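J.: Here is what each chain is made of, one letter per residue.
There are 2 protein chains.
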Amino acid sequence: MTNSKDIIVVGGDGFCGWPTALHLSQLGHNVTIVDNMSRRDIDAKMGADSLTPIASIDVRLTAWSEKTGQTITFENIDVARDFDRVVKLMERIKPDTVIHFGEQRAAPYSMRGVGEKRYTVDNNISGTHNLLAASVELGLDPHFVHLGTMGVYGYDDDGIEIPEGYLPVYIPGDDSKIYQREILYPTNPGSVYHMTKSMDQLLFQFYAKNDRLRITDLHQGIVWGTQTDETRLDERLINRFDYDGDYGTVLNRFLMQAVVGHPLTVHGTGGQTRAFIHIQDTVKCIALAVNNPPPQDGKVAILNQMTETHTVRSLAAMVAKTCDAQIANVDNPRNEAAENDLRVSNKTFISLGLKPVTLAEGLMDETFQIAAKYGHRCIYEMIPCVSTWTDNQRPGVVGNTDKAA
Amino acid sequence: MTNSKDIIVVGGDGFCGWPTALHLSQLGHNVTIVDNMSRRDIDAKMGADSLTPIASIDVRLTAWSEKTGQTITFENIDVARDFDRVVKLMERIKPDTVIHFGEQRAAPYSMRGVGEKRYTVDNNISGTHNLLAASVELGLDPHFVHLGTMGVYGYDDDGIEIPEGYLPVYIPGDDSKIYQREILYPTNPGSVYHMTKSMDQLLFQFYAKNDRLRITDLHQGIVWGTQTDETRLDERLINRFDYDGDYGTVLNRFLMQAVVGHPLTVHGTGGQTRAFIHIQDTVKCIALAVNNPPPQDGKVAILNQMTETHTVRSLAAMVAKTCDAQIANVDNPRNEAAENDLRVSNKTFISLGLKPVTLAEGLMDETFQIAAKYGHRCIYEMIPCVSTWTDNQRPGVVGNTDKAA
Ligand SMILES: NC(=O)c1ccc[n+]([C@@H]2O[C@H](COP(=O)([O-])OP(=O)(O)OC[C@H]3O[C@@H](n4cnc5c(N)ncnc54)[C@H](O)[C@@H]3O)[C@@H](O)[C@H]2O)c1
Ligand SMILES: NC(=O)c1ccc[n+]([C@@H]2O[C@H](COP(=O)([O-])OP(=O)(O)OC[C@H]3O[C@@H](n4cnc5c(N)ncnc54)[C@H](O)[C@@H]3O)[C@@H](O)[C@H]2O)c1
Numbered sequence: 001m002t003n004s005k006d007i008i009v010v011g012g013d014g015f016c017g018w019p020t021a022l023h024l025s026q027l028g029h030n031v032t033i034v035d036n037m038s039r040r041d042i043d044a045k046m047g048a049d050s051l052t053p054i055a056s057i058d059v060r061l062t063a064w065s066e067k068t069g070q071t072i073t074f075e076n077i078d079v080a081r082d083f084d085r086v087v088k089l090m091e092r093i094k095p096d097t098v099i100h101f102g103e104q105r106a107a108p109y110s111m112r113g114v115g116e117k118r119y120t121v122d123n124n125i126s127g128t129h130n131l132l133a134a135s136v137e138l139g140l141d142p143h144f145v146h147l148g149t150m151g152v153y154g155y156d157d158d159g160i161e162i163p164e165g166y167l168p169v170y171i172p173g174d175d176s177k178i179y180q181r182e183i184l185y186p187t188n189p190g191s192v193y194h195m196t197k198s199m200d201q202l203l204f205q206f207y208a209k210n211d212r213l214r215i216t217d218l219h220q221g222i223v224w225g226t227q228t229d230e231t232r233l234d235e236r237l238i239n240r241f242d243y244d245g246d247y248g249t250v251l252n253r254f255l256m257q258a259v260v261g262h263p264l265t266v267h268g269t270g271g272q273t274r275a276f277i278h279i280q281d282t283v284k285c286i287a288l289a290v291n292n293p294p295p296q297d298g299k300v301a302i303l304n305q306m307t308e309t310h311t312v313r314s315l316a317a318m319v320a321k322t323c324d325a326q327i328a329n330v331d332n333p334r335n336e337a338a339e340n341d342l343r344v345s346n347k348t349f350i351s352l353g354l355k356p357v358t359l360a361e362g363l364m365d366e367t368f369q370i371a372a373k374y375g376h377r378c379i380y381e382m383i384p385c386v387s388t389w390t391d392n393q394r395p396g397v398v399g400n401t402d403k404a405a
Numbered sequence: 001m002t003n004s005k006d007i008i009v010v011g012g013d014g015f016c017g018w019p020t021a022l023h024l025s026q027l028g029h030n031v032t033i034v035d036n037m038s039r040r041d042i043d044a045k046m047g048a049d050s051l052t053p054i055a056s057i058d059v060r061l062t063a064w065s066e067k068t069g070q071t072i073t074f075e076n077i078d079v080a081r082d083f084d085r086v087v088k089l090m091e092r093i094k095p096d097t098v099i100h101f102g103e104q105r106a107a108p109y110s111m112r113g114v115g116e117k118r119y120t121v122d123n124n125i126s127g128t129h130n131l132l133a134a135s136v137e138l139g140l141d142p143h144f145v146h147l148g149t150m151g152v153y154g155y156d157d158d159g160i161e162i163p164e165g166y167l168p169v170y171i172p173g174d175d176s177k178i179y180q181r182e183i184l185y186p187t188n189p190g191s192v193y194h195m196t197k198s199m200d201q202l203l204f205q206f207y208a209k210n211d212r213l214r215i216t217d218l219h220q221g222i223v224w225g226t227q228t229d230e231t232r233l234d235e236r237l238i239n240r241f242d243y244d245g246d247y248g249t250v251l252n253r254f255l256m257q258a259v260v261g262h263p264l265t266v267h268g269t270g271g272q273t274r275a276f277i278h279i280q281d282t283v284k285c286i287a288l289a290v291n292n293p294p295p296q297d298g299k300v301a302i303l304n305q306m307t308e309t310h311t312v313r314s315l316a317a318m319v320a321k322t323c324d325a326q327i328a329n330v331d332n333p334r335n336e337a338a339e340n341d342l343r344v345s346n347k348t349f350i351s352l353g354l355k356p357v358t359l360a361e362g363l364m365d366e367t368f369q370i371a372a373k374y375g376h377r378c379i380y381e382m383i384p385c386v387s388t389w390t391d392n393q394r395p396g397v398v399g400n401t402d403k404a405a
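Each protein sequence line maps, in turn, to chains H and D.
One point on numbering: in full-length UniProt numbering, the residue at position 239 of the first sequence is 239, and numbering is uninterrupted.
One point on numbering: in full-length UniProt numbering, the residue at position 154 of the second sequence is 154, and numbering is uninterrupted.
Bear in mind the hints are in silico, worked out from the structure with no lab data behind them.
Incorrect hints may have been included.
No distinction is drawn between identical chains; accordingly, a pair holds when it is met within one copy or between any pair of copies.
[What the hints assert, rightly or not] Cross-link-like lysine-lysine pairs, in silico, DSSO-like; alpha carbons within 30 Å at most: (1) LYS299 <-> LYS177; (2) LYS67 <-> LYS355; (3) LYS373 <-> LYS299; (4) LYS209 <-> LYS67; (5) LYS177 <-> LYS67; (6) LYS209 <-> LYS355; (7) LYS5 <-> LYS321; (8) LYS177 <-> LYS347; (9) LYS373 <-> LYS94; (10) LYS45 <-> LYS347; (11) LYS355 <-> LYS45; (12) LYS347 <-> LYS373; (13) LYS67 <-> LYS299; (14) LYS373 <-> LYS209; (15) LYS45 <-> LYS5; (16) LYS321 <-> LYS94; (17) LYS45 <-> LYS299; (18) LYS88 <-> LYS347; (19) LYS88 <-> LYS321; (20) LYS177 <-> LYS45; (21) LYS177 <-> LYS94; (22) LYS94 <-> LYS45; (23) LYS347 <-> LYS67.
Quick caveat: nothing in here was measured; it's all calculated off a predicted structure.
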């Protein structure tokens, strides 16, 4: 393949990173996974586990070579703490692309307690900054692809469509002129996790402007689904499925509740609207982003990586219908508006040719190939969300649902 | 004094923190200084030193008791790294107010190299976050007063007056309605240091919103002058005067150039406009802020703490006239516009009764009481700025000037 790239996938053992690494390897790129296994450690400490039986990274990589003849290299490096090893690795590989998934990514986990708040801030900010600073230090010019979240915008709900990063605004001056500016869409993060993603944006803005780094920041919706074309090739390649109260996103937790015969617990009225994307589309979008680096013009390319929006209420209704389950409304542990609308522009990926997998199409697969098939592995006690946003909020009742990313 | 408060002054050994601690102690507040002496360590490592002979913290505090009968307590704690000691201290003192000066505050130092970039990000972000997270963890409700900088706004120069933090904007919707929002004034930081101050804003926004912390963020101009009413009481209380290429702000470096007979080196055309405030007004503003905590309404109070603006060119002209010096124009080591205008609203402090010391009034004092008096202590080699913003910029010529904060 002529345009094969050297790509570092930071966080490449995780839910989005692993299928992305496989997909890019399949496309002929030369992939190195960097991961410090912190996510598996957190699972172990919480007593949680992926519903699907994920193999160790060694077994995963061996299976991949066996099945495809391709090699993916693995480096166990903490990008937030092992700066010298980050520098050595980048110096050796001189990557064309660095894809950065390596952050603590659950909002409820980031609100558990002071230790988790501090870990999330230190891990996410130092990690992102180290990768940028190392590139500049080495005089390298990799294209950075970072995974951000739609959630940084908060859910202000005044009817404005969320644009791809930049918003043209008009400002009345005190001299009675009207000024026009294009600004970074103002963030209003709702958790420490989302706050770190807003802070990442400022790191990117600065390094793009000052050092002309080429950066694509993908503001992703909630990722659902488990398998991709590549992870389906062998059971040892299976992707993770999180359903615990901290890392499980809303759809997965509904599915698990349905499997164990618990009513689907909807926060408040379930009127919160969220953006979604299937994991198969995530890996496709990232491959598109890798092939389309932005110009070196001092400006971060910000794309919305989502394909549809649903209210939590309508999501519950779809799962209840597919799985023949009940619905129960419980208190919301989050500090947020009860109902919101959400309109998002995703024109860049659509114009690049993305044909999304819809929830209506994919839900059956997810229910029977994953939730029902591996349901016997479910640790029932892990489903409730016990993280609360402030001390005067009670822990949610057993089985309440929360979206994590 | 009936409304005497328990106040922690983080960074209370520094240029702004020390005179603030004295002023608040003089007003009858119960002051604890927290400082890790990192600034004195940086000076020692760079081979720089304050022009004024600053005493050790022990000698400073003893002198203060001798002169006034007041006691200021000192704790050597790194707020970015010693989280447990931060928690213990806050638990013991249960402060009414935490004033946070404890950050790496020089833009050129933050751009020196990768080590300084990483140190600035990690020190400033973890320090600020630790103080906020510790308060929430302990269920305390201190009023936070933080020193930010005018520099976070960048110098966009499209004629808009910089408001106190929030900007009302109009947004044309895709449905052809016009939406109105009040947003955090968009930041456009020009150095890693300024970037950390922009990131601090997001930490404050979140903790004010989620935990209802009361936070005042003071967006300060460049502080000039050395002495205040309290530091003048005894030579052992003298405040620091920085003139080195990294920490010396533009006025101090002009004064030192004049003293050693070097032409005042102006970057480019000297058309950069900056905001200024005298150190005496800084301490007064902080005392006003301490006495006027914002309501617990989820919103950070952002005040512009500056009293006048000048171009670098006009500043050089004033110093040249006072000191009978020459002016030379040299290349600018910064990545910035050559000329800009700057209009800033400082209505809150003026309405609270601040009567500013103007540069025109104070410059003589600064020249003869400080620069000329201690000029023999000047380490000539420290004046040039050797930090550059990007690799393809040459180090500035000997004696070039840069403003640090
Ligand atoms: N899953 C979603 O729904 C979703 C939605 C929007 C955005 N995102 C973003 O996508 C990215 C990946 O999310 P995910 O769902 O795959 O999460 P994940 O937790 O499954 O994967 C993250 C991986 O990064 C690794 N990691 C964390 N810190 C690291 C460090 N300091 N050094 C090296 N490796 C480190 C972890 O061990 C883990 O393998 C995250 O940044 C997340 O914020 C995810
Ligand atoms: N000096 C200016 O012109 C100016 C202008 C605008 C804003 N500010 C802001 O005001 C604040 C104070 O500035 P300054 O000029 O007094 O700087 P300074 O360097 O003289 O003082 C900062 C003090 O904080 C301490 N410190 C740093 N990191 C610490 C940590 N992790 N733990 C404990 N102590 C720590 C240092 O030892 C030092 O004594 C800074 O936040 C700065 O950004 C200053």
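J.: Indicate, hint by hint, whether the structure satisfies it.
T.: Quick rundown of the hints versus the structure:
In this assembly of identical chains, the alpha carbons of LYS299 and LYS177 lie at most 30 Å apart whether taken from the same copy (27 Å) or from different copies (28 Å). When the C-alpha separation of LYS67 and LYS355 is checked against a cutoff of 30 Å, the pair qualifies only within one copy, where the shortest distance is 27 Å, while the shortest distance between copies is 77 Å. Taking CA atoms no more than 30 Å apart as the test, LYS373 paired with LYS299 passes in neither setting, with 46 Å inside one copy and 48 Å between copies. Proximity of LYS209 and LYS67 under a CA criterion of 30 Å is satisfied in neither setting, with 43 Å inside one chain copy and 51 Å between copies.
For the identical chains of this complex, LYS177 and LYS67 are neighbours neither inside a copy (65 Å) nor across copies (55 Å), given an alpha-carbon limit of 30 Å. Taking the shortest Cα distances, LYS209 and LYS355 never come within 30 Å of each other, neither inside one copy (33 Å) nor across copies (39 Å). For the homomeric pair LYS5 and LYS321, neither the shortest alpha-carbon distance inside one copy (45 Å) nor that between copies (61 Å) is at most 30 Å. Proximity of LYS177 to LYS347 under the C-alpha cut-off of 30 Å is restricted to the inter-copy arrangement: shortest distance 21 Å between copies versus 33 Å within a copy.
With identical chains, the CA atoms of LYS373 and LYS94 are never at most 30 Å apart, being 42 Å at best within one copy and 54 Å at best between copies. For the homomeric pair LYS45 and LYS347, neither the shortest alpha-carbon distance inside one copy (41 Å) nor that between copies (52 Å) is at most 30 Å. For the identical chains of this complex, LYS355 and LYS45 are neighbours neither inside a copy (39 Å) nor across copies (58 Å), given an alpha-carbon limit of 30 Å. Taking identical chains as interchangeable, the C-alpha atoms of LYS347 and LYS373 are never at most 30 Å apart, the minima being 36 Å within one chain and 66 Å between chains.
Neither within a single protomer nor between protomers do LYS67 and LYS299 lie at most 30 Å apart by alpha-carbon distance, with minima of 40 Å and 56 Å respectively. Proximity of LYS373 and LYS209 under a CA criterion of 30 Å is satisfied in neither setting, with 49 Å inside one chain copy and 43 Å between copies. Taking CA atoms no more than 30 Å apart as the test, LYS45 paired with LYS5 passes in neither setting, with 37 Å inside one copy and 42 Å between copies. When the C-alpha separation of LYS321 and LYS94 is checked against a cutoff of 30 Å, the pair qualifies neither within a copy, at 51 Å, nor between copies, at 54 Å.
With identical chains, the CA atoms of LYS45 and LYS299 are never at most 30 Å apart, being 40 Å at best within one copy and 36 Å at best between copies. For the homomeric pair LYS88 and LYS347, neither the shortest alpha-carbon distance inside one copy (38 Å) nor that between copies (52 Å) is at most 30 Å. Taking the closest pair of Cα atoms, LYS88 and LYS321 never come within 30 Å of each other, the shortest separation being 53 Å inside a single copy and 53 Å across copies. Neither within a single protomer nor between protomers do LYS177 and LYS45 lie at most 30 Å apart by alpha-carbon distance, with minima of 58 Å and 51 Å respectively.
Taking the shortest alpha-carbon separations for LYS177 and LYS94, neither the intra-copy value of 49 Å nor the inter-copy value of 49 Å comes in at or below 30 Å. Neither within a single protomer nor between protomers do LYS94 and LYS45 lie at most 30 Å apart by alpha-carbon distance, with minima of 35 Å and 33 Å respectively. Neither within a single protomer nor between protomers do LYS347 and LYS67 lie at most 30 Å apart by alpha-carbon distance, with minima of 36 Å and 69 Å respectively.
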